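J.: Sequence:
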Amino acid sequence: MRSTKKEDALVIYEFPGALPHQKIILSRESLIEEANCVLIFPFYQGKWVLVNHHSRGWELPGGMREEGETLIQTVHREMYEEAGGRLDGIEGIGQYLIFEREQLVFVKTIYISTVSVLEGLPGGFETNDVRLLAALPMPSEIRDDPAYSPYMKDDVYAIVSEWVKDHVFTREEGEHAMNTC
1 MRSTKKEDAL VIYEFPGALP HQKIILSRES LIEEANCVLI FPFYQGKWVL
51 VNHHSRGWEL PGGMREEGET LIQTVHREMY EEAGGRLDGI EGIGQYLIFE
101 REQLVFVKTI YISTVSVLEG LPGGFETNDV RLLAALPMPS EIRDDPAYSP
151 YMKDDVYAIV SEWVKDHVFT REEGEHAMNT C
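All letters in the sequence shown, in the order written, are residues 1 to 181 by the UniProt record's numbering.
A few of these clues could be false.
The calculated label-pair distances, taken between Cβ atoms and stated as ranges, are [unchecked claim]: (1) Val105 to Arg171: 34 to 40 Å; (2) Val117 to Glu69: 20 to 26 Å; (3) Gly46 to Pro20: 35 to 41 Å.
Worth flagging that the hints you see were computed from the coordinates, not collected in a lab. A quick note: this is a predicted structure, and the numbers were derived from the prediction, not measured. Where a beta carbon is used, it is the ideal one built from N, C-alpha and C, also for glycine.
Just need the whole structure built from these sequences, with the hints factored in.
T.: Next comes the structure, spelled out in structure tokens:
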């Protein structure tokens, strides 16, 4: 993993992706305005929310932006489709670019969120279970565990887990006064 500082405040991380021939560039700042995907670090009643993708395994919710959607609408839709969750707090915390064979293929904006309610999984989507965890798993715990999605095994998860661990949204319900949707 390589970290580059530009313009004093912008820190950019560059490292291999979870899949062959991938390169990832990660920053706390938006690198490209129009993202086509979202990744969500959701928090519900003092616990982190993971979803079980039917073919990849346990992972954070997220997905592709649909035509005509804003990124915030995508966050709401993906959280509902993948976990049955309704959000009451959303904050952008970073962005990463995924290159495959030197071609930019995905721009993902990263969000942390508070979940107001989990309604149960709606049918017909990509996930089949939801898990609530007191703490996010350590990257070393999941790297060799086949129960976790390959997308949880790159350095995006490791770095952003550190960014969010003390975020106001991670406090017990009622402890944070600011919700932004």
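J.: All the hints need checking, so say for each whether the structure fits it.
T.: Verification of the supplied hints:
1. Val105 to Arg171: 34 to 40 Å: Since Val105 and Arg171 have Cβ atoms about 36 Å apart, the given range 34 to 40 Å holds.
2. Val117 to Glu69: 20 to 26 Å: holds (22 Å)
3. Gly46 to Pro20: 35 to 41 Å: Between Gly46 and Pro20, where Cβ atoms are some 38 Å apart, the hint holds.
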